[in-house]
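Visitor: If you read the sequences in order, they're chains A and B. 1 is the number of the first residue of the first sequence in the working numbering; add one for each residue after it. 1001 is the number of the first residue of the second sequence in the working numbering; add one for each residue after it.
Calculated directly from the structure, the hints in this document are not laboratory data. If you're wondering where the values come from, they're calculated on a predicted model, not measured in any experiment. Treat the hints with caution; some may be incorrect.
[Said to hold, decoys possible] Here's a subset of chain B near chain A, in silico, CB distances under 8 Å, partners left out:
1. Phe1029
2. Gly1106
3. Leu1107
4. Ile1234
5. Met1241
6. Val1245
7. Ala1267
8. Asp1271
9. Val1275
10. Val1281
11. Val1284
12. Pro1286
13. Ile1289
For every residue, glycine included, the Cβ atom is placed at its ideal position computed from N, Cα and C.
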Amino acid sequence: MTQAVPVSAEAPPAATPPELAPARRLRWLLGLGPLLALVVAAVLPYFRLPLPGILDGVFNSPGNLQLLATCLVFGGLAASYDLLFGRTGLLSFGHALYFAAGIYGTDVLVTRAGLPLWQAAVFALVGSTTLAALLGAIALRTAGIAFAMVTLAFAQVGAILVARDFGGLTGGEEGLPIGGAGLPDFLVGVANTVNLYWLALAYVAVVVFVVARVAGSPTGRVLAGLRDDERRVGVLGLDPYRYKLVAFTLAGGLAALGGIVYVLVVGGASPHVTSSELTLSLLVMVVLGGPGTRWGPVIGGILYMYLDNRLTNLATDLPGPLSQPLFVLGAIFILAVYFFPGGLASLATRVGPIRAAFTRRQPRTRS
Amino acid sequence: MSTFILLTLTGLGLAALYFLVASGLSLVFGLADVLNFAHGLFLSVGAYATWWAADHLPGAGPTGFGFVLAAAFGVVCGAVVAALVELVLIRPLYSRTIEQVLVTVGLSLAGVALLQATWGADPRPFPRPEWTRRVTAIGDAHIPNASLLLVLAAAAVLALLLLFLRFTRVGLVIRAGVENREMVTALGIDVRKAFTLVFAIGGAAAALAGALGGVYFGSVSPAQGGSLLIFAFIVVVIGGMGSVVGSAYAAVAVGLLQQFVNYYGTAGLGDICVVALLAIVLLVRPQGIAGRAVTA
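Let's have the full structure, built from the sequences with the hints guiding it.
Guide: Take a look at the structure:
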């Protein structure tokens, strides 16, 4: 991932000299861009926009809103995974475990234990984050590829626990639809799908904000240092293990938060969220979008889920292997690794004029 | 007592399956630093090729010599596919480890989907030779012959691999490459040829695991390789990466533990114990049983 981000992007922020004040004002305006996008995305459900070819029917039909909410959750989830992969250089194959812990934790506490949603969510979040800290503490004793294998093995335990249905808690293969007195009315029912959409949007905003803040902080600079050369960080007298554990725990917590939103969006848990395939998909999303960039992973996640969904719908018309969404996505991914190392986010840097604007914007990630 | 013998031998059968997958994985990782996610695909290729050959290849069939021919065809297919993957996909990304891993991830997703598109997602009944359906009495235990076949095959592969690594020139290059790749390259020896060979050997072993796994489970499905692969990863980490002997020890430990706990405890508990064993080994000895310092 050495070419993912220009090194200059990770340079420490310098105080802006007075002669750069106009540039600074421009930067400030450009900084409003994401906020503007957020506002546009938030008001979109008020318009009955038909988008032929992209979505079936009008934009704000419940089905489309649910699809978009799912895409948004995965955008945020991919961004949380990028905190490990793109920012810290940790190749974890068990990120789906914390997502699934958030999903099943919330679902089981609401449906089986009858807790109110907010309590269940808090317990699930705290529990999953603790789990991430514990398992991270063990897995980080290894490095590189061994770390990838160990996280994969831990995630596999989650998959086994869910599939074997110990104590009849998880519903096994059937999954567990969320329900019960604990769910607030405004999150239940087809008419309220728009609230779920906003919830997913809020989740993406939170993840992007947190990841950007962390990446811009002194801790973030240490994480970037770990990604580039771990020994150098050690030589500086910092403890790489501790910083990696912080990143691992935080990413796990953000993934669990995504799980809590996801279980509400799809209305229940199904065992496929524990599969190793999901973590592999996260990796695909991040690499397609552009690892180590602010928007790349989000866009990659949204696009991947959208394509996955659309290709499944179109599948019946396509011949042979093209009828398998995973074949198409896997093939795109392999081509992307060869010909598009920086992912979608590098598109901007490949076009001259936009590149100028983009590089000027980069220091914003620090402030 | 009979239960004990039965569990031991079926556990060893499972261990044999893990070893066949893990040995190639471990060698490939040790030499080329590639964590090969597509290794499960080689297994599926071997299983499907054997299944296909038993019906279509002249002279092959589900019984006797016909099955040997079918399995041999599967093994050759696995080796060829693995060598092609190395030549076409891995080699252009020489020494860019993360990209190599990413490509195998993409390949594992696309490859399984391709198998699924061709033969459907449902398991297909596997042509099991008559002999493997029967049981052999050892003491007062009745052991399925399929388990015995797996144990024998894995022992043979282990012996052949060790002979190959210890007593041939290429084996020497591979062993030296696992120890220190830069030094071997500096001596003017082309390690890349060894990469292709190791991939082919690993692919052949995985394909054999696919063919015999088909006999053991009685069916083939596209996802079979993936689920075995995770336990093979665990075996590789416990055994120490790059060590074939370590993989053999670890495979036996994992197979027996899984079988015994699954029988005496709840089903599924054995799988969890295996991961607990992994955690313990990592805490006590991060480099694995037979491994030296783990490099990033």
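Visitor: Now, for every hint given, state plainly whether the structure supports it.
Guide: Status of the hints after comparison with the structure:
1. Phe1029: 7 Å, holds
2. Gly1106: Holds: closest Cβ of chain A sits about 4 Å from Gly1106/B, inside 8 Å.
3. Leu1107: Hint on Leu1107/B: holds, closest Cβ of chain A at ~7 Å, below 8 Å.
4. Ile1234: 5 Å, holds
5. Met1241: Holds: closest Cβ of chain A sits about 7 Å from Met1241/B, inside 8 Å.
6. Val1245: At 18 Å from the nearest chain A Cβ, Val1245/B fails the 8 Å test, so the hint is violated.
7. Ala1267: Given a least distance of 7 Å, the restraint on Ala1267/B holds.
8. Asp1271: 5 Å, holds
9. Val1275: With a closest approach of 5 Å, the Val1275/B hint holds.
10. Val1281: 10 Å, violated
11. Val1284: 10 Å, violated
12. Pro1286: 5 Å, holds
13. Ile1289: 13 Å, violated
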